[in-house]
Every structure is written in C-alpha cells, then in structure tokens.
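Construct the complete structure from the given sequences, taking the supplied hints into account.
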Amino acid sequence: MLKATGRLSPDQIFQIGKEAIHLIRDKTSSSRIIAACLDRSPQLVEAVHAYAQVQFRDRGRIRGTRDAITLIGLSELEKLLLGHLRRIQRNVDGRQSRFNHRIAALDVAPPKLPASIRARRYATH
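The opening residue of the sequence shown carries number 516 in this note's numbering; numbering runs sequentially from there.
Be aware that one or more of the hints could be misleading.
As the list claims (entries may be wrong) - Within a straight-line C-alpha distance of at most 20 Å, the following computed SDA-like cross-link-like pairs (lysine to any residue) qualify:
no. : residue 1 : residue 2
1   : Lys594    : Phe571
2   : Lys542    : Thr585
3   : Lys594    : Ala551
4   : Lys594    : Gln570
5   : Lys594    : Ser545
6   : Lys594    : Asp554
7   : Lys533    : Arg576
8   : Lys594    : Cys552
9   : Lys542    : Lys594
10  : Lys533    : Gln568
11  : Lys533    : Lys594
12  : Lys594    : Arg605
13  : Lys594    : Ser544
14  : Lys533    : Arg555
15  : Lys533    : Arg578
16  : Lys533    : Ser546
17  : Lys533    : Gln604
18  : Lys533    : Ile577
19  : Lys533    : Ser590
20  : Lys533    : Gly588
21  : Lys533    : Leu589
22  : Lys533    : Arg572
23  : Lys533    : Gln570
24  : Lys542    : Gln604
25  : Lys533    : Gln558
26  : Lys542    : Cys552
27  : Lys533    : Arg601
28  : Lys533    : Phe571
29  : Lys594    : Arg581
What the hints assert, rightly or not - Ranges of calculated distance between the beta carbons of each label pair, as one might list FRET restraints:
no. : residue 1 : residue 2 : range
30  : Glu591    : Thr543    : 16 to 22 Å
31  : Gly575    : Ser524    : 31 to 37 Å
32  : Arg555    : Lys594    : 18 to 24 Å
None of these hints come from the bench; they were simulated from the model. A virtual CB, placed ideally from N, CA and C, is assigned to each residue, including glycine.
Put into structure tokens, the structure is as follows:
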C-alpha cells in the first residue's frame with residue numbers, strides 16, 4: 516500500500532533521516548549533498564519545506580530542499596529531523612523498543628571542554 520501512494524515505510528524514513536543527520540554532522544557535507552539525501556523521502560521533504568515556509572514566509576518563495584536547508588540552517592535542520600523521527604517512533608506501535616535505541620544513538624552528548632577551559636572556568640581566585 517505504501518508503494519502505491521509513493522510513501523515510504525517508517526523504517527525507510529528512519530534510515531534516510533539517520534543518513535541525513537550523519538551528513539549534517541559531517542563538516543565536509545554541503546546543503547546540496549544533504550538535500551539529495553532528503554529528497555529520497557517525500558515525508559521528510561514535506562516537513563523541511565513546511566518548517567521553512569512557516570519560519571520564512573516573508574522572504575519569498577522557497578524553490579527546493581536546498582533553499583529550505585540554507586534558510587533553516589544545519590543546527591535547526593538537525594533538531595527538526597530528530598523531532599520528526601521521534602514522532603515516527605511514537606506513531607509506530609509494537610516496534611517502539613526497536614526505535615528507542617536507534618534514536619538514543621543519534622542523540623549525542625555535547626563534546627567535553629578541554630581541561631584548560633574547565634580549569635579556568637572553575638578556578639578559585
């Protein structure tokens with residue numbers, strides 16, 4: 516049924532979203548590469564375009580996914596994708612335990628500060 520409507524299964528959307536998040540975190544990726552990855556999933560493209568239209572409706576027409584990514588920014592795009600993947604997780608019942616560890620693996624703790632910065636921050640004068 517999903518093939519007939521052109522929609523992807525939750526597993527396929529999750530895989531594409533995961534690849535896009537890895538591309539976002541890769542410093543050598545450009546918006547063109549990320550847009551090409553997202554264009555494989557109509558659901559993710561809809562989410563990105565809808566977010567960009569709401570945020571930047573007064574700046575003119577958004578012509579494609581690449582324009583939307585450029586306007587949104589990579590950090591906001593990452594938050595948007597993680598939120599969308601979490602919604603997929605909530606909507607898919609019976610498989611939640613399988614999705615839980617997959618999303619937890621995407622949530623990465625911020626890097627630790629170097630020891631010299633921590634020492635300066637907490638030094639007593």
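Going through the hints against the structure:
| no. | hint | result |
| --- | --- | --- |
| 1 | Lys594 - Phe571 | holds, 17 Å |
| 2 | Lys542 - Thr585 | holds, 15 Å |
| 3 | Lys594 - Ala551 | holds, 19 Å |
| 4 | Lys594 - Gln570 | holds, 14 Å |
| 5 | Lys594 - Ser545 | holds, 17 Å |
| 6 | Lys594 - Asp554 | holds, 18 Å |
| 7 | Lys533 - Arg576 | violated, 28 Å |
| 8 | Lys594 - Cys552 | holds, 17 Å |
| 9 | Lys542 - Lys594 | holds, 17 Å |
| 10 | Lys533 - Gln568 | violated, 23 Å |
| 11 | Lys533 - Lys594 | holds, 12 Å |
| 12 | Lys594 - Arg605 | holds, 17 Å |
| 13 | Lys594 - Ser544 | holds, 17 Å |
| 14 | Lys533 - Arg555 | holds, 13 Å |
| 15 | Lys533 - Arg578 | violated, 24 Å |
| 16 | Lys533 - Ser546 | holds, 16 Å |
| 17 | Lys533 - Gln604 | holds, 13 Å |
| 18 | Lys533 - Ile577 | violated, 24 Å |
| 19 | Lys533 - Ser590 | holds, 15 Å |
| 20 | Lys533 - Gly588 | holds, 17 Å |
| 21 | Lys533 - Leu589 | holds, 14 Å |
| 22 | Lys533 - Arg572 | violated, 28 Å |
| 23 | Lys533 - Gln570 | violated, 24 Å |
| 24 | Lys542 - Gln604 | violated, 28 Å |
| 25 | Lys533 - Gln558 | holds, 14 Å |
| 26 | Lys542 - Cys552 | holds, 16 Å |
| 27 | Lys533 - Arg601 | holds, 12 Å |
| 28 | Lys533 - Phe571 | violated, 26 Å |
| 29 | Lys594 - Arg581 | holds, 17 Å |
| 30 | Glu591 - Thr543: 16 to 22 Å | holds, 20 Å |
| 31 | Gly575 - Ser524: 31 to 37 Å | holds, 35 Å |
| 32 | Arg555 - Lys594: 18 to 24 Å | holds, 21 Å |
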